[in-house]
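Following the hints, position chain B against chain A.
2 protein chains.
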Amino acid sequence: MRIRIYHASILTMEPGKEIFQGELCVEDGKIVYVGEERDGREETWDREIDAGGNLLLPGFKNAHTHSGMTLLRSYADDMPLQDWLFKQVFPMEDKLTEEDVYWGSVLANMEYLTSGITANFDMYKKIDAGAKASADMGFRTVLCGSINDFGGTVQDVEQEYLHFNQYHPLISYQIGFHAEYTTSRPLLEELAALGQKYKAPVYTHNSETKSEVEGCLERYGKTPTAFLDSLGMFEYGGGGFHCVYMSEEDLQICREKGIWVITNPSSNLKIASGIAPLSKMLQKGIRLAIGTDGAASNNCLDMFREMFLVTGLQKAVCLDAAVMDALEVLRMACTNGALAMGLVDCDVLAEGKCADLVMIDLQQPNMQPVNNMAKNIVYSGSKQNVKMTMVNGKILYEDGRFDIGVEPEEVYAKVTESITRMKKE
Amino acid sequence: MRIRIYHASILTMEPGKEIFQGELCVEDGKIVYVGEERDGREETWDREIDAGGNLLLPGFKNAHTHSGMTLLRSYADDMPLQDWLFKQVFPMEDKLTEEDVYWGSVLANMEYLTSGITANFDMYKKIDAGAKASADMGFRTVLCGSINDFGGTVQDVEQEYLHFNQYHPLISYQIGFHAEYTTSRPLLEELAALGQKYKAPVYTHNSETKSEVEGCLERYGKTPTAFLDSLGMFEYGGGGFHCVYMSEEDLQICREKGIWVITNPSSNLKIASGIAPLSKMLQKGIRLAIGTDGAASNNCLDMFREMFLVTGLQKAVCLDAAVMDALEVLRMACTNGALAMGLVDCDVLAEGKCADLVMIDLQQPNMQPVNNMAKNIVYSGSKQNVKMTMVNGKILYEDGRFDIGVEPEEVYAKVTESITRMKKE
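Sequence order for the protein chains is A and B. Numbers given in my numbering equal positions in the first sequence, counted from 1, plus 68. Numbers given in my numbering equal positions in the second sequence, counted from 1, plus 68.
Chain A with its partners taken away, still in its complex shape (with noise of 0.2 Å):
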């Protein structure tokens, strides 16, 4: 399939590089040229799309999220944290099949896809069927590991590590636990060898609430992050998603091990978590990126929500509109989610890289005037601005309409019949 999209601003995210007007030809999933139109080529295309000078730019990166979880949306919301995880999502999650989490997933890129999102870093169980659910519709998933105390064994992570990095090609895997706090030492230890054995990063939910924090000091004296570290978790680095209490120390240890944090504002707010001190963390030289989280605690699988409250968020806490530029939060949401999911070729538009990218409508009333563009998408876009997501050279959301293999409707029908259910067991 080659297709070449002319008439586009392209903001290729490479470091320095302004917006400009040119084209972008794909081939094979892969970008093969990028700059300047050329005119008078002779050559023959699958599909030439006009862009109409809107703006091409890589894919959103969704760098933590719980794909499956989708059935749970506002389906227990407005509730104390621990009713709300005890209560309601883990006695319903107990009862999901093979087929409800592959569903759900499906529902659940086809959010991203309305969100610009080509990619997730995806922690859920049943890890087959959202797999599987990604590679039957083009999308593109990195499985995060996610055993704990209640599911799992290291030689499970490592069957999988096998398994699903040779899997497909839209799909991967990372090695990872679900928290501290869920997870005993011996099994950390054993984690954290395995990480050392194929050299690979680990990532796992990290110090996302104050009491996960003051747990882990009581059982080991040490911050989670310092704890893991300990144990020689991030000898290859890694990540942790949410990172919203954390100490000087913790700051310093992300820095020297090359730790991404992955921060999930939306859901930090909705489930009272707080708010990740993301400023001092960039001032640090952390590197972060940004995740939505699942839809059971957000519930809204869009990234353009959390690029505003990415640096909304710092603006308030640390009294000063000057932090948190907006073109650095759309390098975290493109370009380092990418990386913090080691998708190396999936970070900016060049040639050679995946041809994973978003048009952005800018013929829209929320997009106009175009005095900045990059300011526009990070503190006034919204999912209606996103004309199409292109994953690996295919277009699977366009105008509205889906290319998927499957049809809206019966999706919705799916998780319809799944969550209805799980209800009534």
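Because the hints were derived from the structure by calculation, they are not lab data. Keep in mind that a hint or two might mislead.
A pair holds if it fits inside one copy or across any two, identical chains being indistinguishable in the list.
Okay, derived cross-link-like pairs now, DSS-like style, lysine-lysine, Cα gap no bigger than 27 Å in a straight line [to be verified]:
1. Lys155 with Lys491
2. Lys290 with Lys348
3. Lys85 with Lys492
4. Lys348 with Lys278
5. Lys325 with Lys267
6. Lys421 with Lys98
7. Lys194 with Lys98
8. Lys85 with Lys491
9. Lys278 with Lys200
Same frame as chain A, now just chain B:
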């Protein structure tokens, strides 16, 4: 024009009334029927719309904004507040012509429509241009007086009050001034007398920043709310825009005098003002409504973003996921906003009320599954879900297309022309 919308889910927002399946009929700008579906009635309609199960609810009310300011969207961001205001915004605003404000207001109204907003409470200069923009396109606007020491007299406000309350069925006017810190005591005393003369509420920016409150305390030994109240400003109620820094005494005054608090969470984040104590206000029985503020400070005129933030920020600040229930937030956006602006016939869907309403597209990934429609809207909704926006019985926006007497492209060209000229001047 007689329109019947059937096969609809309907949330009238009348107290205690649940969502039901039915139809809603509109004639000459008013709702003439809302209830169970009536089969077999022989009536002719100019248009019958099959809602396909999608949700009808009262339009959102943007209870504080500066529409003409859209020209400055993304013109100056990520900079300290004082520099932003005095070096960037004010000098540019001095260059605005009537025509600039007209087209900026048309653009803002278009964006309101895309977000399901059916009325705005607008405070801006060159008020004739803003009023004309709304009247021309069929949008409902309540104008708010904005005088201060740098422009306008109380006689102007009185004249505007008499003029614009007779000007056009879609336009009304409320007495207002910019803020305590920009308006001298004699002017404020005159304004208070004007409010009393007409037994009218008075509206103003109030306690948006900490320094504003400190300044007032230095000048008068009182907070802005207490000082203005001591002048007799709120004898017939009124409202405060922002109200981020409010003392216990301030809240007591708001409750006793029925002063509306109109919150603008995105703007308060982005220009680093802070987070208003809404949950506390609610507990004290203070009436709350929601605004977007202007596009130079937000930069997005989107009620979905504001609704999420109204509840999300309170949950995080109070560290309690149970505060600010979604339905309460929806009431602020749909019903309270109308009442705060004096639009007593635009608050709920009921016979005899104005046909100002929105249809929410539930056939989108972010609205599925439908565990709870109200929570889906507040926590997961976005502009992409606005299928139709009707003002005064006329459909102004439907399936991404506008019916406002002017083509979007022309509006975008006009605002681009304006801002380009202003940058050169």
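Hints versus structure:
1. Lys155 with Lys491: Answer is within: at 13 Å inside a copy they meet the 27 Å cutoff, but 58 Å across does not.
2. Lys290 with Lys348: So Lys290 and Lys348 pass the 27 Å test inside one copy only (21 Å; across, 36 Å).
3. Lys85 with Lys492: between (55 Å within a copy, 26 Å between copies)
4. Lys348 with Lys278: This pair counts as both: shortest intra-copy Cα distance 18 Å, inter-copy 23 Å.
5. Lys325 with Lys267: within (13 Å within a copy, 67 Å between copies)
6. Lys421 with Lys98: within (6 Å within a copy, 56 Å between copies)
7. Lys194 with Lys98: neither (31 Å within a copy, 52 Å between copies)
8. Lys85 with Lys491: between (52 Å within a copy, 24 Å between copies)
9. Lys278 with Lys200: Classified as neither: same-chain Cα gap 36 Å, cross-chain 53 Å, threshold 27 Å.
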